[in-house]
Amino acid sequence: DTAVSQTPKYLVTQMGNDKSIKCEQNLGHDTMYWYKQDSKKFLKIMFSYNNKELIINETVPNRFSPKSPDKAHLNLHINSLELGDSAVYFCASSPAPQGKAEAFFGQGTRLTVV
Amino acid sequence: GDSVTQMEGPVTLSEEAFLTINCTYTATGYPSLFWYVQYPGEGLQLLLKATKADDKGSNKGFEATYRKETTSFHLEKGSVQVSDSAVYFCALWSTGGGNKLTFGTGTQLKVEL
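Protein chains in written order, with my numbering: chain F, 59 to 172; chain Z, 15 to 127.
Keep in mind that the hints were calculated from the coordinates and are not lab data. No experiment lies behind these values; they were computed from the predicted model shown. Any given hint could be a false lead.
[Unchecked claim] With beta-carbon atoms standing in for the labels, derived distance ranges:
| # | chain 1 | residue 1 | chain 2 | residue 2 | range |
| --- | --- | --- | --- | --- | --- |
| 1 | Z | 82 | F | 71 | 22 to 28 angstroms |
| 2 | F | 66 | Z | 93 | 37 to 43 angstroms |
| 3 | F | 140 | Z | 82 | 19 to 25 angstroms |
| 4 | Z | 67 | F | 71 | 43 to 49 angstroms |
| 5 | F | 75 | Z | 82 | 45 to 51 angstroms |
| 6 | Z | 32 | F | 112 | 27 to 33 angstroms |
| 7 | Z | 82 | F | 67 | 26 to 32 angstroms |
| 8 | Z | 32 | F | 100 | 25 to 31 angstroms |
| 9 | Z | 27 | F | 63 | 30 to 36 angstroms |
| 10 | F | 115 | Z | 70 | 31 to 37 angstroms |
| 11 | F | 112 | Z | 30 | 47 to 53 angstroms |
| 12 | F | 99 | Z | 70 | 22 to 28 angstroms |
| 13 | Z | 72 | F | 141 | 38 to 44 angstroms |
| 14 | Z | 54 | F | 141 | 30 to 36 angstroms |
[As the list claims (entries may be wrong)] No more than 30 angstroms apart at the CA atoms, straight line, and that leaves these computed lysine-lysine pairs for DSSO-like:
| # | chain 1 | residue 1 | chain 2 | residue 2 |
| --- | --- | --- | --- | --- |
| 15 | F | 129 | F | 110 |
| 16 | F | 125 | F | 94 |
| 17 | F | 102 | F | 125 |
| 18 | Z | 82 | F | 110 |
| 19 | F | 80 | F | 99 |
| 20 | F | 125 | Z | 91 |
| 21 | F | 129 | Z | 124 |
| 22 | Z | 91 | F | 129 |
| 23 | F | 102 | Z | 124 |
| 24 | F | 102 | Z | 70 |
| 25 | F | 99 | Z | 82 |
| 26 | F | 99 | F | 77 |
Positions of the beta carbon are idealized from the N, C-alpha and C atoms, including for glycine.
Work out the full structure, taking the sequences as your base and the hints as a guide.
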């Protein structure tokens, strides 16, 4: 009964490839997020969706495109992968975009670009 | 914009030692404050939270008090265990900050026997 699940957990791919990471939450939350964690453990938000609509888009290259087919899913597609994209990507969800609610995180996807 | 500053790690303690991890913040309005913990190879889990000034969050022996006057939310535990070894993140959530969690850089804690 995983609350926020991401697949795959590990992804190793070559430069220039296109890859996707999938995320699903079964908590009934309205808002979902993608965060990137670099090699020094620093966490930075990339995107936020509320009820399938984009509400936060930080300074992220156009090669990254989130897609939310419904409010329970937020997938991340990455085109033309670069070495610097290697990181751990975390999906998260919360009941609402504003306020005091806790965000629930997935287990992370470790992306390695070679 | 919003920001969170945490003490740099790694912090290495002996079992049963007292733990303090400092966290200060800058935010517009009245943010909610959180401590998240990341165990090796896992995602982040909420450890505790406080949503207004003078609130104390507590969980699993950890405590933190929302201090508006010093803009701080320091994490403390009276007696750490080896199982507490993890990375700890201080975070804030404010509407003025774009309705998102802003994290500190994380502090790695290693507890030894």
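Unsatisfied constraints (hint numbers, rising): As far as the earlier hints go, 1, 3, 6, 7, 14, 18, 20, 21 and 22 are violated by this structure, in ascending order.
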